[in-house]
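Undergrad: Residues per chain, in single letters:
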Amino acid sequence: MATQNLEAIAAAEKLSTYEWGFSSDIEQEFAPKGLSEDTVRFISAKKGEPAWMLDWRLKAYRLWLTMEAPDWAKLNVPPIDYQDAFYYAAPKAKPKLGSLDEVDPEILRTYEKLGIPIKEQKLLAGVVEDTDAMPQGRRIAVDAVFDSVSVATTFRAELERAGVIFRSISEAIKEYPDLVRKWLGKVVPQHDNYFATLNAAVFSDGTFVYIPEGVRCPMELSTYFRINAENTGQFERTLIIADKGSHVSYLEGCTAPQRDENQLHAAVVELVALDDAEIKYSTVQNWYPGDAEGKGGIYNFVTKRALCQGKNSKVSWTQVETGSAITWKYPSCVLAGENSVGEFYSVAVTTNRQQADTGSKMIHLGKNSRSTIVSKGISAGRSDNTYRGLVRVGPTAENVRNFTQCDSLLLGDQCGAHTVPYIEVGNPSAQIEHEATTSKISDDQLFYAMQRGLDAEAAVALIVNGFAREVLKQLPMEFAVEAQKLLGISLEGSVG
Amino acid sequence: MLNITNLHAETAGKAILKGITLAINPGEIHAIMGPNGAGKSTLAYTLGGRPGYEVTAGSATFDGADLLEMEPHERAAAGLFLGFQYPVEIPGVSNLQFLREALNAQRKQRGEEPLSGAEFIKIARAEATSLGLDHEMLKRPVNVGFSGGEKKRNEMVQMGIIAPKLAILDETDSGLDIDALKAVGHGINTIMRKPDKAVLLITHYQRLLDYVKPDFVHVLADGRIVRSGGAELAHELEREGYVGIDGVAA
Amino acid sequence: MTLLALPSARDEAWRWSDLAALPALADARPSGQPRSVDDLWIDISGPRILFVDGAYDASRSNPGPVRIGQADADASKHALGRLAGSTGWSLSLGRDAASDTIQIVHVATGGANHLAAEIMLDEDATAAIVESFAGEGWTNRATAIRLARSARLMVARRFVQDAGFQSHADTADIAQGASLATISLVAGAADSRLDGHLTITGIEAYAEAGGALLGRARQRHDAAFVVRHAAANGQSRQIWRAVADEQAIASAAARVEVARHAQKTDGEQSLRGLLLTRTAAVNLKPELEIFADDVKCGHGATVGELDRQALFYLASRGIPPLPARAMLTRAFVADAFARIGNDAVREAFAETADRWLDV
Numbered sequence: 226m227a228t229q230n231l232e233a234i235a236a237a238e239k240l241s242t243y244e245w246g247f248s249s250d251i252e253q254e255f256a257p258k259g260l261s262e263d264t265v266r267f268i269s270a271k272k273g274e275p276a277w278m279l280d281w282r283l284k285a286y287r288l289w290l291t292m293e294a295p296d297w298a299k300l301n302v303p304p305i306d307y308q309d310a311f312y313y314a315a316p317k318a319k320p321k322l323g324s325l326d327e328v329d330p331e332i333l334r335t336y337e338k339l340g341i342p343i344k345e346q347k348l349l350a351g352v353v354e355d356t357d358a359m360p361q362g363r364r365i366a367v368d369a370v371f372d373s374v375s376v377a378t379t380f381r382a383e384l385e386r387a388g389v390i391f392r393s394i395s396e397a398i399k400e401y402p403d404l405v406r407k408w409l410g411k412v413v414p415q416h417d418n419y420f421a422t423l424n425a426a427v428f429s430d431g432t433f434v435y436i437p438e439g440v441r442c443p444m445e446l447s448t449y450f451r452i453n454a455e456n457t458g459q460f461e462r463t464l465i466i467a468d469k470g471s472h473v474s475y476l477e478g479c480t481a482p483q484r485d486e487n488q489l490h491a492a493v494v495e496l497v498a499l500d501d502a503e504i505k506y507s508t509v510q511n512w513y514p515g516d517a518e519g520k521g522g523i524y525n526f527v528t529k530r531a532l533c534q535g536k537n538s539k540v541s542w543t544q545v546e547t548g549s550a551i552t553w554k555y556p557s558c559v560l561a562g563e564n565s566v567g568e569f570y571s572v573a574v575t576t577n578r579q580q581a582d583t584g585s586k587m588i589h590l591g592k593n594s595r596s597t598i599v600s601k602g603i604s605a606g607r608s609d610n611t612y613r614g615l616v617r618v619g620p621t622a623e624n625v626r627n628f629t630q631c632d633s634l635l636l637g638d639q640c641g642a643h644t645v646p647y648i649e650v651g652n653p654s655a656q657i658e659h660e661a662t663t664s665k666i667s668d669d670q671l672f673y674a675m676q677r678g679l680d681a682e683a684a685v686a687l688i689v690n691g692f693a694r695e696v697l698k699q700l701p702m703e704f705a706v707e708a709q710k711l712l713g714i715s716l717e718g719s720v721g
Numbered sequence: 006m007l008n009i010t011n012l013h014a015e016t017a018g019k020a021i022l023k024g025i026t027l028a029i030n031p032g033e034i035h036a037i038m039g040p041n042g043a044g045k046s047t048l049a050y051t052l053g054g055r056p057g058y059e060v061t062a063g064s065a066t067f068d069g070a071d072l073l074e075m076e077p078h079e080r081a082a083a084g085l086f087l088g089f090q091y092p093v094e095i096p097g098v099s100n101l102q103f104l105r106e107a108l109n110a111q112r113k114q115r116g117e118e119p120l121s122g123a124e125f126i127k128i129a130r131a132e133a134t135s136l137g138l139d140h141e142m143l144k145r146p147v148n149v150g151f152s153g154g155e156k157k158r159n160e161m162v163q164m165g166i167i168a169p170k171l172a173i174l175d176e177t178d179s180g181l182d183i184d185a186l187k188a189v190g191h192g193i194n195t196i197m198r199k200p201d202k203a204v205l206l207i208t209h210y211q212r213l214l215d216y217v218k219p220d221f222v223h224v225l226a227d228g229r230i231v232r233s234g235g236a237e238l239a240h241e242l243e244r245e246g247y248v249g250i251d252g253v254a255a
Numbered sequence: 016m017t018l019l020a021l022p023s024a025r026d027e028a029w030r031w032s033d034l035a036a037l038p039a040l041a042d043a044r045p046s047g048q049p050r051s052v053d054d055l056w057i058d059i060s061g062p063r064i065l066f067v068d069g070a071y072d073a074s075r076s077n078p079g080p081v082r083i084g085q086a087d088a089d090a091s092k093h094a095l096g097r098l099a100g101s102t103g104w105s106l107s108l109g110r111d112a113a114s115d116t117i118q119i120v121h122v123a124t125g126g127a128n129h130l131a132a133e134i135m136l137d138e139d140a141t142a143a144i145v146e147s148f149a150g151e152g153w154t155n156r157a158t159a160i161r162l163a164r165s166a167r168l169m170v171a172r173r174f175v176q177d178a179g180f181q182s183h184a185d186t187a188d189i190a191q192g193a194s195l196a197t198i199s200l201v202a203g204a205a206d207s208r209l210d211g212h213l214t215i216t217g218i219e220a221y222a223e224a225g226g227a228l229l230g231r232a233r234q235r236h237d238a239a240f241v242v243r244h245a246a247a248n249g250q251s252r253q254i255w256r257a258v259a260d261e262q263a264i265a266s267a268a269a270r271v272e273v274a275r276h277a278q279k280t281d282g283e284q285s286l287r288g289l290l291l292t293r294t295a296a297v298n299l300k301p302e303l304e305i306f307a308d309d310v311k312c313g314h315g316a317t318v319g320e321l322d323r324q325a326l327f328y329l330a331s332r333g334i335p336p337l338p339a340r341a342m343l344t345r346a347f348v349a350d351a352f353a354r355i356g357n358d359a360v361r362e363a364f365a366e367t368a369d370r371w372l373d374v
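Protein chains in written order, with my numbering: chain A, 226 to 721; chain B, 6 to 255; chain C, 16 to 374.
Certain hints may be false.
Claimed, not checked - With a straight-line Cα cutoff of 30 Å, these simulated DSSO-like cross-link-like pairs (lysine-lysine) come out:
1) A/LYS710 <-> B/LYS144
2) A/LYS505 <-> B/LYS144
3) B/LYS187 <-> B/LYS199
Unchecked claim - The calculated label-pair distances, taken between Cβ atoms and stated as ranges, are:
4) C/GLY100 <-> A/ASP417: 37 to 47 Å
5) A/GLY439 <-> C/THR294: 55 to 65 Å
6) B/LYS113 <-> A/GLU518: 25 to 35 Å
7) B/HIS191 <-> C/ILE334: 34 to 44 Å
8) A/GLU293 <-> C/ARG345: 21 to 31 Å
9) C/ALA20 <-> A/ASN624: 36 to 46 Å
10) B/LYS113 <-> A/PHE628: 34 to 44 Å
11) A/PHE628 <-> C/ARG75: 49 to 59 Å
12) C/THR294 <-> A/PHE628: 24 to 34 Å
13) C/ALA20 <-> A/ASN301: 26 to 36 Å
14) A/ASP263 <-> C/ARG293: 46 to 56 Å
15) A/LEU290 <-> C/THR294: 38 to 48 Å
16) C/ARG345 <-> B/GLY150: 54 to 64 Å
17) C/ASP350 <-> B/LYS19: 38 to 48 Å
Calculated directly from the structure, the hints in this document are not laboratory data.
What you are looking at is a predicted structure, and each value in this text was computed from that prediction instead of being measured.
Beta carbons: idealized from backbone N, C-alpha and C, even for Gly.
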């Protein structure tokens, strides 16, 4: 009898669920509702973009009109009315800020509530700050994207001394047009898929990073995405280029207010790693997942892909996915370079009526390329959690190695856990291994932990963290702790 | 400290404990012996509050409080430690993490301040040293990949760190070689032989009692205590076996 | 022109199939000159049935309990199975009945032939069926299997046509405590597509679907099996071995579905691919779809070439490269029909695989 499980449910049900569900009352500017060529022109004009950028957007928009929304096997996506959303929402522009007092206090409060420390917050809100006066220890440069636009990027001066470009992508389009033009859409082409095409037409902001040859980025870079406005889609675009022999670690965090309507988040992330370069990309995704009955929440339809173009290049994706009503994302690596390495570490938690369909694609084209996929899915409530992945070895890719491990943990008997791996191998020297398991928390484990003093909920959180350990340890230290807490909080009210 | 009166319990619809009465006072070590199927492990699980073990009659109080009303983790916080015959593996959770969370959860329940990481590690290392458990084992996942002997030593390390008032040790001696048995015996004596603490040792063999001298020995057969005596009773059982004891079928 | 509505590679379940040859085969005529079938009979007692181009050859058959005529293959939803029609053979055994191993040989002479089959075993009945497919042309079959409580059925099939296309679709309902094992060996020179949808409808039932796909030249072999656990305490095994030589592509997709209340299900999949040349390809898709929490389901999948160390070890013991490769390949494939209980049948299957390896 699993009475402890029942007790855990009862205990958990008393607790609140989404802690980031507040919204901020900030004066904002919107594009007219709906989607048309005019919307695309409006966004481009707002950003003061050059003509080539507008043309690129319009081309994508016209292409998108000819495409059909995908119909997925394991996701139940209600039809989306693309005319009933805003495609651009920005906090009203402020002139150059001189002190903290001039920043919209609501924006400050928002970031305070999100747990971004005050010192950093000053920088976030665009206040001039002497970065050398920052406390010692690990520093993190932040780009804060509030609805459609980047509010500020921090540590710019120090990063520039190292030659690192860390900008909102709108700024980069104006300041580094050649770099952006060279790589934009090269990893995720405009026609890639329905949502990527939509993003290409209407993306409003995002982050641009360039690490020059031989540079090890002196600090973690991160972007905090926040959807605040109602009925607003967020379409950010991130482009990270790691030149030869460079190294960068990048983290994104995401939250959104609690709203009854579904909101669309269709981002595109493109990573390029040249010879001997390494990119570590970590995500803690905690968009609003909707309520217990499945009302509201973010549709998180994201295309993330890395091109390991150079020899010995490496891209490592780590994701902790606890939010969103529906998640559809497959951070992938095209391993074109000789000896290139792709990694994907994922923890996906679904509760209530969330649906997650996530995994990775590793496309091996280069000799001796190697990849690792570790996926830990945790399903609770009435949710469905699917790992979908592809490992493909091209005929000329010699000595490819892949190891894939997909583990599912089910909490309760009303949820689902699915594993859909595709393995396509066209070269005999490849060694491909794939393993998957499905399990639940055993009554023995639960009783053992409780006998040592943990209540049912703490015991479950501990065991779940153990289950996800291999992935969590891939995160930068500070975020690993944050992610660990997030797992516990996400499962509150849904353990059973 | 522990007062059990006419305790009846069943598991999977089968009556196992059929009226156990037992009082354990501070400073005492009690041994419960008996043949397989007598109900020894059921007694341990029932006192620990394991789901699936249903009390059908009788009572048990711990320091005056109704033990049977408490959740398993509340019993732990009240000072009851259960040493498992088969310690459970928890992959991905290090021994240190597990114990620190457990100890701080107990302290919180008792209204005490949580221990800092540094304080805790000091205690954990000291206990591991005293029980001859490699410090590296503290970093490994709970019981994963441990040998039988290591698991039992690990239970003793946990007992040392948690420092309970009452330890119920279920066949802690099973599957141990002589060195591990000595280490476990030493652990029980060092940690628990104190005027304010007590132990209920559940064992099938007398061997462990060479190292941990009990004050009282009880024979459990068919769900009842059929005989009680001093340490000499264990030797008698070792010589004569359980046959001939009242209630034990030949 | 016969109008065939065939699925395309865009259809997820047919992603790795190539059905391009079927329309032409459907329009072609059989030559009516069958090859000899003597080598296809396994030397065991029991009923023997011969179909030539899908037509029953009474003079060379001894049908035993098998009836020839109407058969409901329950394949209306399957893209190829639905073409099998409503005539063919059926086997219906009553309570406690047991049949000797039934051998069925299908020989084709070109064109297309379709046949339905129906197998119904009542409580505690037991049967074993061995089917062999030889000749050329498109041979299309669909079989419906219904096992009542505690019935036991083993179906072993050899697909060894010299040319053309072999397609087969099974559907099965397996009641409480019943056991079904289907084992397929594809070792000829024709393309193949094997489908199965086995449903465990009663508690404590067992289902096994597996086999070996051996391909060379430009062959395509494709197996797509689903075991659905709709009742608790069931057990299933899916063991597939895919071997691709020259320009062949061998693909195996195996899915375990566990319905909401099918607790204590034990489902295991082992999918392994072996590439013998650099121009061949293997595709695998071990899939889990699980809606119950107290289950033990897992899978392992590997793709690679023959172990170079093992090859070297055999060479150092004086075994030349070709026999060494054959020996290791044989060992790789053997797992797939280890479960055939009848020694003579199992040996016959091993020999068929050996002949393929020795070419």
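Undergrad: State for each hint whether it applies.
TA: So, going through the hints one by one against the coordinates:
Taking the CA atoms of A/LYS710 and B/LYS144, the gap is about 20 Å. The hint holds against a cut of 30 Å. Distance check on the hinted pair: A/LYS505 and B/LYS144 sit about 26 Å apart at the alpha-carbon level, within 30 Å; holds. The straight-line distance between the Cα atoms of B/LYS187 and B/LYS199 is roughly 19 Å, inside the 30 Å bound, and the hint therefore holds. At about 44 Å, the beta-carbon gap between C/GLY100 and A/ASP417 stays in the expected band of 37 to 47 Å.
About 41 Å separates the C-beta atoms of A/GLY439 and C/THR294, a value inconsistent with the hinted range of 55 to 65 Å. Between B/LYS113 and A/GLU518 the beta carbons are some 33 Å apart, a value that agrees with the proposed interval 25 to 35 Å. For B/HIS191 and C/ILE334, the hinted distance range of 34 to 44 Å is not satisfied, since their beta carbons lie about 59 Å from each other. In this structure the supplied range 21 to 31 Å is violated for A/GLU293 paired with C/ARG345, their Cβ-Cβ distance being about 49 Å.
Look at C/ALA20 against A/ASN624: about 43 Å separates their beta carbons, and that is inside 36 to 46 Å. In this structure, B/LYS113 and A/PHE628 meet the distance hint of 34 to 44 Å, their C-beta atoms being roughly 41 Å apart. Take A/PHE628 and C/ARG75: their Cβ atoms lie about 53 Å apart, and the range 49 to 59 Å holds. Judged by the Cβ atoms, the range 24 to 34 Å given for C/THR294 and A/PHE628 holds: they are separated by roughly 25 Å.
Roughly 28 Å separates the CB atoms of C/ALA20 and A/ASN301, a value that falls within the hinted 26 to 36 Å. Distance hint check: the CB atoms of A/ASP263 and C/ARG293 are about 54 Å apart, consistent with the given range 46 to 56 Å. At about 42 Å, the beta-carbon gap between A/LEU290 and C/THR294 stays in the expected band of 38 to 48 Å. Taking the beta carbon of each, C/ARG345 and B/GLY150 are about 36 Å apart, not inside 54 to 64 Å as hinted.
At about 42 Å, the beta-carbon gap between C/ASP350 and B/LYS19 stays in the expected band of 38 to 48 Å.
In terms of the numbered hints stated before, the structure departs from hints 5, 7, 8, 16, listed from lowest to highest.
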